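Each chain, written out:
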Amino acid sequence: MSPVSRGFRHLHRAPAGQEDRVPPGQYVTDGFPVLSAGPTPHTPLERWTFSITQGGQTRKSWTWQEFRALPTETVTVDIHCVTRWSKLDTVWQGVSVDTLLDQVEHDVPYVMAFCDGGYTTNLPIQDVTSGQALVTFGYDDGPLESEHGGPARLLVPHLYFWKSAKWVRGLDLRDHNEPGFWETYGYHMYGDPWKEQRYAGD
Amino acid sequence: MDALDGNVIGGLLIDVFGAEMTAAGSTCGTCGATRPVAELVVYRQAPGIVVRCRTCGNVVMVFVTRHGVTGIDLSGLASLSEPGSALSGGQDPGHGCLRTGTPK
Amino acid sequence: MERTAVRGRLTWQTAAVTSVTRETASVVTIQLDLPDWPGHRAGQHLEVRLTADDGYQAEREYSIASAPGEPLAITVERLEGGEVSPYLTEELRAGDELELRGPIGGYFVWEPGDGGPLLLLAGGSGVVPLRSILRHRHRAGSDVPAHLLYSARTWPDVIYCDELDKDYDHLQVSYTLTRSQPPGWTGYTGRINQALLAEVAWPAEARPLAYICGPTSFVETAAAELVGLGYPPEKVKTERFGATGGH
Chain C
29 MSPVSRGFRH
39 LHRAPAGQED
49 RVPPGQYVTD
59 GFPVLSAGPT
69 PHTPLERWTF
79 SITQGGQTRK
89 SWTWQEFRAL
99 PTETVTVDIH
109 CVTRWSKLDT
119 VWQGVSVDTL
129 LDQVEHDVPY
139 VMAFCDGGYT
149 TNLPIQDVTS
159 GQALVTFGYD
169 DGPLESEHGG
179 PARLLVPHLY
189 FWKSAKWVRG
199 LDLRDHNEPG
209 FWETYGYHMY
219 GDPWKEQRYA
229 GD
Chain E
100 MDALDGNVIG
110 GLLIDVFGAE
120 MTAAGSTCGT
130 CGATRPVAEL
140 VVYRQAPGIV
150 VRCRTCGNVV
160 MVFVTRHGVT
170 GIDLSGLASL
180 SEPGSALSGG
190 QDPGHGCLRT
200 GTPK
Chain G
1140 MERTAVRGRL
1150 TWQTAAVTSV
1160 TRETASVVTI
1170 QLDLPDWPGH
1180 RAGQHLEVRL
1190 TADDGYQAER
1200 EYSIASAPGE
1210 PLAITVERLE
1220 GGEVSPYLTE
1230 ELRAGDELEL
1240 RGPIGGYFVW
1250 EPGDGGPLLL
1260 LAGGSGVVPL
1270 RSILRHRHRA
1280 GSDVPAHLLY
1290 SARTWPDVIY
1300 CDELDKDYDH
1310 LQVSYTLTRS
1320 QPPGWTGYTG
1330 RINQALLAEV
1340 AWPAEARPLA
1350 YICGPTSFVE
1360 TAAAELVGLG
1370 YPPEKVKTER
1380 FGATGGH
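Residue numbers (my numbering), protein chains in the order written: chain C, 29 to 230; chain E, 100 to 203; chain G, 1140 to 1386.
Source of the hints: derived by calculation from the structure; they are not laboratory data.
This one's a predicted model, so the numbers in the text were calculated from it and none came from an experiment.
Note that the Cβ used here is the ideal one computed from N, Cα and C, for glycine as well.
Hints may contain errors.
[To be verified] Facing chain G, a subset of chain C residues (Cβ under 7 Å, in silico):
no., residue
1, V32
2, F36
3, H38
4, A42
Between the sequences and the hints, there should be enough to build the whole structure, so can you do that?
Printed below as a string of structure tokens:
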């Protein structure tokens, strides 16, 4: 039993009256911690593309200009990291994943998001459609910083934030639910923070 | 967000291996580069701790702590050898060498 | 994929804080009393764990500032936005308890038998384990020659400056101040580079042993430049500190 450290305060609790916004086991932070499994990639925008792929083929691809010409939206959402911090009322600008997926015929149950640096994460396609996910390029009132995933990251706020893949470059259409990077190392295949699905088997 | 090095996981390595390992010699399973564990690249601001080869950048070790138990994945490492002297970094292949992963 | 889950073997102990001494505006040295402390080697670190009253815990690593045989001490720099260092540098006081475990490390360590000459390169609070090495060298009566090059932002940021200037034989100390210098400054300025190292480092032919500690960018620049000056990589030991968020 560790002794309590006199006077040690930590990350905040939810603001009074808003406890129901914070999933079990989470703390609210004012900051925006930077978590990464590898070095920050720096793909120049003139080489950046976002692609929908399937079976080794590119079904559809957008350059940065083409991507930024798509309809955008601004959303305010709460985000929940599996390392136990939550951040309320974060503001993002991006393109709905529906807008991107609507450009191809598809009939698969799953996608694998793939990213610069090799990071991947798997998601059911029904969790990134119907307005539930964006490919974001803006955070707060500016461009998304590279340490937070810029130029573009996936945003799927109803799942733990490791599913909101940084430096995203596309979605691979999949028939089967295969584990991405963290899922391979024991994190949960789905990741619902309200059911505390942090690890496989939770 | 700067990467750190294997020194910072010294305590974790004692937890997992039961011994001081920062001076142990590591061989990358992807590119074959050898160096002391202390000189590997460590990303620890993450859902797990990711250790990468300083030469090729590929993952050599991953630590994930779930429900108080730390699991370690060494499939990116070709071998880990018992520390020799702190100076040499512990290259001593005939002495307590742990083979892991698939030789490439 | 092979996986092994093993229980830990380095145990947490509760130390009594005997003093908290301010070194600079953002740095303190914390002296600790721990009856079962097994002793340590110069250059090693320990882990500190804080526990809030709701059970929340935070752990960080700190280099040991004292030499083997001296009362155990760590030196901590307050990092902006840090979770643990503001507590240790501004709240902790003599009479408090601090949970810790250690000592840890077998790579970034020095004994007199390891010889020299020694080249010690310190970036900011990276001077802490190097000070442990210098204190150990002094207490052991070693005459291994040593040169410390200490990079800090400003003169008020330099830790241990009285001790470094007065207490050690066969030690040359050079400072480089990267952000601003006091009037009449005759030391170096600016970040370390190959020209500065060519001037202060032992030549490779002397077969020196180098220890570099500090923020990652400092360590990587310095290590690359030493190798460029002919130092064999296996004679250049490195320890990277987190500049942000790591502590």
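Proposed interface contact between V32 (chain C) and chain G, which counts if any beta carbon pair is under 7 Å: Cβ of V32 (chain C) sits 5 Å from chain G, so the hint holds.
Once the shortest beta carbon distance from H38 (chain C) to chain G is found, is it less than 7 Å? 5 Å, holds
Any CB of chain G closer than 7 Å to the CB of F36 (chain C)? 5 Å, holds
For the restraint on A42 (chain C), tell me whether the closest CB of chain G is nearer than 7 Å. 13 Å, violated
Violation of the numbered hints given earlier is confined to hint 4; every other hint is satisfied by the structure.
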